[in-house]
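Chemist: In case you want the letters, here they are:
2 protein chains.
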Amino acid sequence: MVTQSGKPAPDTTRRSERSRRAIYDAALALVAETGYAKTTIEGIAARAGVGKQTIYRWWGSKADVLLEAFLDLSEQAARDAGATEQEPYVIPDTGDLAADIKAVLRATVDQLTDPRFEAPSRALAAEGLVNEQVSREFTAKLMEPSIQLYVDRLRAAQEAGQVRADLDPRIALEFFISPLAQRWLQHTGPISYEYTDTLVDYALHGLAPR
Amino acid sequence: MVTQSGKPAPDTTRRSERSRRAIYDAALALVAETGYAKTTIEGIAARAGVGKQTIYRWWGSKADVLLEAFLDLSEQAARDAGATEQEPYVIPDTGDLAADIKAVLRATVDQLTDPRFEAPSRALAAEGLVNEQVSREFTAKLMEPSIQLYVDRLRAAQEAGQVRADLDPRIALEFFISPLAQRWLQHTGPISYEYTDTLVDYALHGLAPR
Chain A
1 MVTQSGKPAP DTTRRSERSR RAIYDAALAL VAETGYAKTT IEGIAARAGV GKQTIYRWWG
61 SKADVLLEAF LDLSEQAARD AGATEQEPYV IPDTGDLAAD IKAVLRATVD QLTDPRFEAP
121 SRALAAEGLV NEQVSREFTA KLMEPSIQLY VDRLRAAQEA GQVRADLDPR IALEFFISPL
181 AQRWLQHTGP ISYEYTDTLV DYALHGLAPR
Chain B
1 MVTQSGKPAP DTTRRSERSR RAIYDAALAL VAETGYAKTT IEGIAARAGV GKQTIYRWWG
61 SKADVLLEAF LDLSEQAARD AGATEQEPYV IPDTGDLAAD IKAVLRATVD QLTDPRFEAP
121 SRALAAEGLV NEQVSREFTA KLMEPSIQLY VDRLRAAQEA GQVRADLDPR IALEFFISPL
181 AQRWLQHTGP ISYEYTDTLV DYALHGLAPR
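Listed in order, the protein sequences are those of chains A and B. 1 is the number of the first residue of the first sequence in UniProt numbering; add one for each residue after it. 1 is the number of the first residue of the second sequence in UniProt numbering; add one for each residue after it.
Note that these hints are calculated values from the structure, not bench results. Accuracy of the hints is not assured; some may be wrong.
[Claimed, not checked] Think about it this way: if two alpha-carbon atoms lie no more than 27 Å apart in a straight line, the pair counts; the simulated DSS-like pairs of lysine-lysine are: (1) B/Lys38 / B/Lys141; (2) A/Lys102 / A/Lys141; (3) A/Lys38 / B/Lys141; (4) B/Lys38 / B/Lys52; (5) A/Lys62 / B/Lys38; (6) A/Lys38 / A/Lys141.
The structure displayed is predicted, hence computed values, not measured ones.
Excised from the complex, chain A in its bound form (with noise of 0.2 Å):
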């Protein structure tokens, strides 16, 4: 088959990469625009230009959809910061810990303020907030993938000496975290390279004097 303008149709590979890709951004426009609760697979369909079988197709749930083209938007976060297929995103260990977690915050910081990721984001957070399962379930699928990466270098940071060796790397990278994350969250302080900065020089020589 050859289209109007003379070029050969695309093949049906790439019909569904177009496809999975409308979908993805109408879900994350929607969830943006009008909130979780009222994001249906209906809606989705119709924004993306497709049949809502289609949808059905590949997955099971509005949950599932969501789910995906978070993971996709996070991914491409990734790609953006630098990591590839062949080397997926990991914090870097360049054996200076601070160093190293300072510029994964600043990433982070750029991402938590891009409106693409910003406003489907807070829609989904918000969804968290009242409906726990949904919450466990994004918290399980795409938090913790990341929280995984900052107890790996901290692992690596106790086995090379430069953190405490009794210290449970689980909460201790709450510190780089959580206060960043409450501040986007809750408006509670500004975010800024400085701001995340200054938490990891905090944190790491702790507050008492020494």
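Given the structure of chain A, go ahead and fit chain B onto it with the hints provided.
Modeler: Here is chain B on its own, set in the frame of chain A:
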């Protein structure tokens, strides 16, 4: 006027106080059940058994009613924790910073897991995520006063030489409150006294070896 039981009728002040209490209870129950967006002055009035005009006489908007209902709830929690009108709630200063902060955080754990508090607070926080004006107003009026108590306690600790003098208390306090807030908001981990005690120890002594 004498009621059928023979007791004198409550005077206007007591009637007003009873209406005010019914309005607060109705407002908190409705926001917990239906969310901020669907809570209306009409709904609050109907549930409280008062006329709409009674609410409009005392408050200018739905946000105002809810703000005062939350302030009242927080004051109740403070009274439960031992505050009185003569001695309003502050973070104790026994000279032992770690013990003082641990005591306050244990009380916060109790509050965050109290059903009277949890459901309306989650509903309000969810609205704040997608409605920056609500978030900023409630943060300023509900959260900032508590945050200021931490700033004051950390300043006293700086003067006593227990916290490094070069730290910004407004950032340092986030190691105490933000990890707990994130676990509560996003279900990223369990909340317990042992957990908040650990946060205080890690924050004061730092993650790096001494």
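Chemist: Now tell me, hint by hint, if it's right for this structure.
Modeler: How the hints compare with the structure:
| no. | hint | in the structure |
| --- | --- | --- |
| 1 | B/Lys38 / B/Lys141 | holds (22 Å) |
| 2 | A/Lys102 / A/Lys141 | holds (24 Å) |
| 3 | A/Lys38 / B/Lys141 | violated (30 Å) |
| 4 | B/Lys38 / B/Lys52 | holds (16 Å) |
| 5 | A/Lys62 / B/Lys38 | holds (23 Å) |
| 6 | A/Lys38 / A/Lys141 | holds (22 Å) |
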